[in-house]
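Could you put the whole structure together from the sequences, leaning on the hints where they help?
Position one of the sequence shown corresponds to residue 133 (the working numbering), numbered consecutively onward.
Be aware that one or more of the hints could be misleading.
Lysine-lysine pairs mimicking DSS-like chemistry, simulated, CA-CA at most 27 Å apart [unchecked claim]:
#1 K213 x K191
#2 K216 x K191
#3 K141 x K191
#4 K242 x K216
#5 K264 x K242
Cβ pair distances, simulated, as ranges [stated by the list, open to error]:
#6 L156 x L202: 34 to 44 Å
#7 D249 x V157: 13 to 23 Å
#8 I154 x N252: 29 to 39 Å
#9 K242 x K191: 24 to 34 Å
#10 N207 x D145: 14 to 24 Å
#11 T149 x L248: 50 to 60 Å
#12 N260 x E200: 16 to 26 Å
#13 P150 x N199: 46 to 56 Å
#14 N207 x D243: 15 to 25 Å
#15 N207 x V157: 19 to 29 Å
Calculated directly from the structure, the hints in this document are not laboratory data. These numbers come from a predicted model, not from an experiment. Note that beta-carbon positions come from the ideal geometry of N, C-alpha and C, so glycine has one too.
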Amino acid sequence: MRNPTRRQKPFTDINTTPFTDIILVLMTIFMVMTPLVMQSNIQVNLPSSTTGEPNKEAKQINITITNEGLIYLDNKLTLKKLLKAEVARLHQANPGLEVILLSDRMVRFKDIVGLLDIFNELGIKNLNIATKTE
133 MRNPTRRQKP FTDINTTPFT DIILVLMTIF MVMTPLVMQS NIQVNLPSST TGEPNKEAKQ
193 INITITNEGL IYLDNKLTLK KLLKAEVARL HQANPGLEVI LLSDRMVRFK DIVGLLDIFN
253 ELGIKNLNIA TKTE
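Right, dumping it as structure tokens:
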């Protein structure tokens, strides 16, 4: 039988093991999903090429131009006049900046040349045009 005069101490410890388990599961989910989310969501019909290798060493940005003439900088819609200032800022911060141009095969050549002129004015030397391999 228990001694009625002796009181039990209140339970003051919090078990953090379930909380830690939840945090680890969430972190794993975010680590797996981040590369999938970072992929381009803009649908363009890339031209084909039999050669070409991606360069993973340099800091790179993606410039996408759609068939409708919309321009995206790293999946964010932008205007052509704002694109120049933003790319200039990125190039100044990272002189080895690599620009990857993703263009729908039906985009007018005039629009592509306009973008190439912007990159030339800014002194960007690392320019790649994305294609899909055959």
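Check your understanding: Has the hinted range 50 to 60 Å been met by the Cβ atoms of T149 and L248?
Key -> 58 Å Cβ-Cβ, so the 50 to 60 Å window holds.
Practice item. Given the hint of 15 to 25 Å, check if N207 and D243 actually sit that far apart at their C-beta atoms. Key: holds (19 Å)
Point to revise | Outcome of range test on Cβ distance (D249, V157; 13 to 23 Å) | key: Given a distance of about 50 Å, which is not inside 13 to 23 Å, the answer is violated.
Review point. Taking the beta carbons of P150 and N199, is their distance inside 46 to 56 Å?
Key: holds (51 Å)
Review point. At the C-beta level, are L156 and L202 separated by a distance inside 34 to 44 Å?
Key: Since L156 and L202 have Cβ atoms about 41 Å apart, the given range 34 to 44 Å holds.
Check your understanding: Holds or violated: are the alpha carbons of K213 and K191 at most 27 Å from each other?
Key -> holds (23 Å)
Exercise for review: Measure nothing beyond the straight line between the CA atoms of K141 and K191; if it is 27 Å or shorter, mark the hint as holding.
Suggested key: Between K141 and K191 the Cα gap is close to 59 Å, so the pair fails against 27 Å, i.e. violated.
Point to revise | Distance restraint hint 19 to 29 Å, applied to the beta-carbon atoms of N207 and V157 | key: Given about 28 Å between the Cβ atoms, the range holds.
Exercise for review: Take a look at whether the Cβ-Cβ distance between N207 and D145 falls inside 14 to 24 Å.
Suggested key: About 47 Å separates the Cβ atoms of N207 and D145, which means 14 to 24 Å is violated.
Point to revise | Consistency of beta-carbon spacing, N252 to I154, with hint 29 to 39 Å | key: Because 52 Å falls outside the window, the suggested range is violated.
**Study point:** Proposed proximity, K242 with K264 (alpha carbon, max 27 Å)
**Key:** holds (22 Å)
Review point. For the pair N260 and E200, does the Cβ-Cβ distance stay inside 16 to 26 Å?
Key: 23 Å Cβ-Cβ, so the 16 to 26 Å window holds.
Consistency with the previously given hints fails for numbers 3, 7, 8, 10, ordered from lowest to highest.
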